[in-house]
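S.K.: Residues per chain are reported as follows:
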Amino acid sequence: MGNGITRREALAVAAGCITLTRCSMLGARSAVPRVSIVRAGYTQSIYDTVRRLLVEHRVDVRGKRVVVKPNLVEFDPGTTINTHPMLVHAAVEGFRALGAADVRIAEGPGHRRVTLDLADAAGYFETIPQFEDLFTDLNLDDVSQVLLRDPFSRLTSLYFPNTALGADLIVSLPKMKTHHWVGATLSMKNFFGLVPGGIYGWPKNVLHWAGIDECIADLHAAFPRHFAIVDGVVGMEGNGPIQGNPKPVGVLVVGGDMTAVDATCCRIMRINPSMIRYLRLAAGPSRLEEQNIRQIGEAIKNVQTPFDLIEPFQNIRL
Amino acid sequence: MPNRAESVPAKLMDLASIIRLQNHDGGWPYRNGGSSWTEPTVFALLAQSAQPGDRQSVERGLAWLRAAQRQDGGWPPCPSVAQSTWVTAMAALLPADQLGRACHTNAINWLMEQTGKETSLAYRLRNELIGDGAGADETHRGWPFFPGAAAWVTPTAFGVLALEKARRHQAAIAVEQRILVGREFLLDRICKDGGWNYGRSNVLGVDAPSYPETTGQALLALNQVRSAKVDRALTAAQDEARACQSSEGLSWLQLGLQAHGVAAAGPARKLECRRLVDSAVSILAQAALGGRNIFLE
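As they're listed, the protein sequences go chains A and B. Position 111, counted from 1, in the first sequence is what our numbering calls 111; the numbers after and before it change by one each time, with no gaps. Position 171, counted from 1, in the second sequence is what our numbering calls 171; the numbers after and before it change by one each time, with no gaps.
Hints may contain errors.
[What the hints assert, rightly or not] Here chain B is said to cover these stretches of chain A; the calculated rule only asks that three of the stretch's residues, wherever they fall, bring their Cβ under 8 Å from a Cβ of chain B:
| no. | stretch |
| --- | --- |
| 1 | 104 to 116 |
| 2 | 186 to 200 |
[As the list claims (entries may be wrong)] Negatives, chain B to chain A, calculated, CB over 10 Å:
| no. | residue |
| --- | --- |
| 3 | Ala16 |
| 4 | Ser17 |
| 5 | Ser57 |
| 6 | Arg70 |
| 7 | Ala102 |
| 8 | Glu128 |
For the record, the hints were derived by calculation from the structure and aren't laboratory data. The beta carbon of each residue, even a glycine, is placed where N, CA and C say it ideally should be.
Using the sequences provided together with the hints, build the complete structure.
M.R.: Laid out in structure tokens, this is it:
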């Protein structure tokens, strides 16, 4: 992966939105989504925890190409903003142990062009062996145009990185954070990093004009082969996703249905998921209801940690 | 005062290595094995004008660029994208006699027509009709990364630099005026700490910090501008250089400060160049520290 467009990538692109949309409709959406909440810390045990969770969720990646997509945003040695490198490494090791043919780490930050320097400052080089060889800067990857079928936003097509289009599974590894424009940034919002800055710029402002919530829902539909592991060990509250404050929660939230994972994260943060517009667009209100999500592991009430919300979002409090 | 040897990064792709990355089609990729893109191709060519390069490589690179130019006069980020974007300003930084006069003129004409959506006539009319005239300030017209989006610091800085180059060879009142409003945009977007970030100094009432790379680019575009804001930005840029964690960020700061006759002391730790673009920008910064700032020629 990474060196030019391969046959598999070309097929993925040629199939375009029709294939992607059908996968979205026929895939995980028919079953009751399962979401795990497990207590975790940034310690060696996180490797076993992640591996166990992948087995529990019967993630079949044997012979598949997996792209692990963390949230790298800003220079922050405290990793309050960025996904913790130990969790990223644990995910890479976990998918390798399950027999994945190729596991890459890939990200396209929204504000900063110097992605590798960001990763260095966030401890990725130090924690993940051969990080640079494993990593694709999605902002600068080769791209293909994909038509969006029945988009929520005004966009009719987007260029996407071939590394993302060629993946059999994209694993969203966001930080659990509040967000000053959309309320909360979790596994779905993390897919903004799949949109290439090399085409749309830093920031990817085309998405803002087309509607942030609508574009989040479009990206969710465009990449239906996904899985989510949310870094809620230490999240961010208040004026997130950059200028907020650290919020220790001590959990990972994991599942194959990103709307269900994000709805569960919202409940942990004491945010009403049905007040998050992009969740309503992507899932519809009934699918976000707690009784329609099968919770595994810790009960929400046992780990619920109210996140401070800035003034414009006081009305989304659960 | 730092000397040039001190400011050379710990790891750097030298010019010969950059030339070796050239694709068979004549362009350069962002990363080894990738397809050719406009931006790295321009940087590889600029680096070869800062240091003695390979004439054949330069000719092939220029031929790739000429072929990649679109009918509307702009350049796409890469040939598979059917849209001219901000990288047109990068291409227009190359000398017109190298790129070709007609190519260059068409690029400048394309740039002159671009503006951030927030200051476009259609958007201002729409706002007037719905009774929201706030924020539609015609004097702060910058450039967007992608047509139909708002203006930001990086494309505006390179838009100003490209028009400045064109003005040196062919003075025109409209070009002069656009340089002025582009610079006004930059001065309007300055952060409270004195530098620039991507272009939003305050988000929901909270001041946002500046970045080294955008601070350097803005200072470069504001060369010859003297004001209290620029003086404060120069101080901020020197502070940012000492704390910088990115070789590309440091190189842009060095270029921006040099444009104002100020030398920058870098961080104690040696930074690494990891890619073609940051290596090429480092070569350009080294040339500037030696007295030759390619962006201002």
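S.K.: Run every hint past the structure and note whether it holds.
M.R.: Here is what the structure says about each hint:
A count of 5 residues in the stretch 104 to 116 of chain A with a Cβ less than 8 Å from any Cβ of chain B is obtained; the coverage claim is therefore met, three being the minimum. With a threshold of 8 Å between beta carbons, the proposed coverage of the stretch 186 to 200 of chain A by chain B holds, since 3 of its residues qualify and at least three are required. For alanine 16 of chain B, the non-interface assignment is confirmed: its Cβ lies about 21 Å from the closest Cβ of chain A, beyond the 10 Å cut-off. The beta carbon of serine 17 of chain B sits about 16 Å from the closest Cβ of chain A, which is more than 10 Å, so the claim that it is off the interface holds.
For serine 57 of chain B, the non-interface assignment is confirmed: its Cβ lies about 21 Å from the closest Cβ of chain A, beyond the 10 Å cut-off. Every CB of chain A is more than 10 Å from the CB of arginine 70 of chain B (nearest about 14 Å), matching its label as outside the interface. The claim that alanine 102 of chain B is not at the interface with chain A holds, since no C-beta of that chain comes within 10 Å of its own (minimum 26 Å). With a least CB separation of 19 Å from chain A, glutamate 128 of chain B remains clear of the 10 Å interface cut-off, as annotated.
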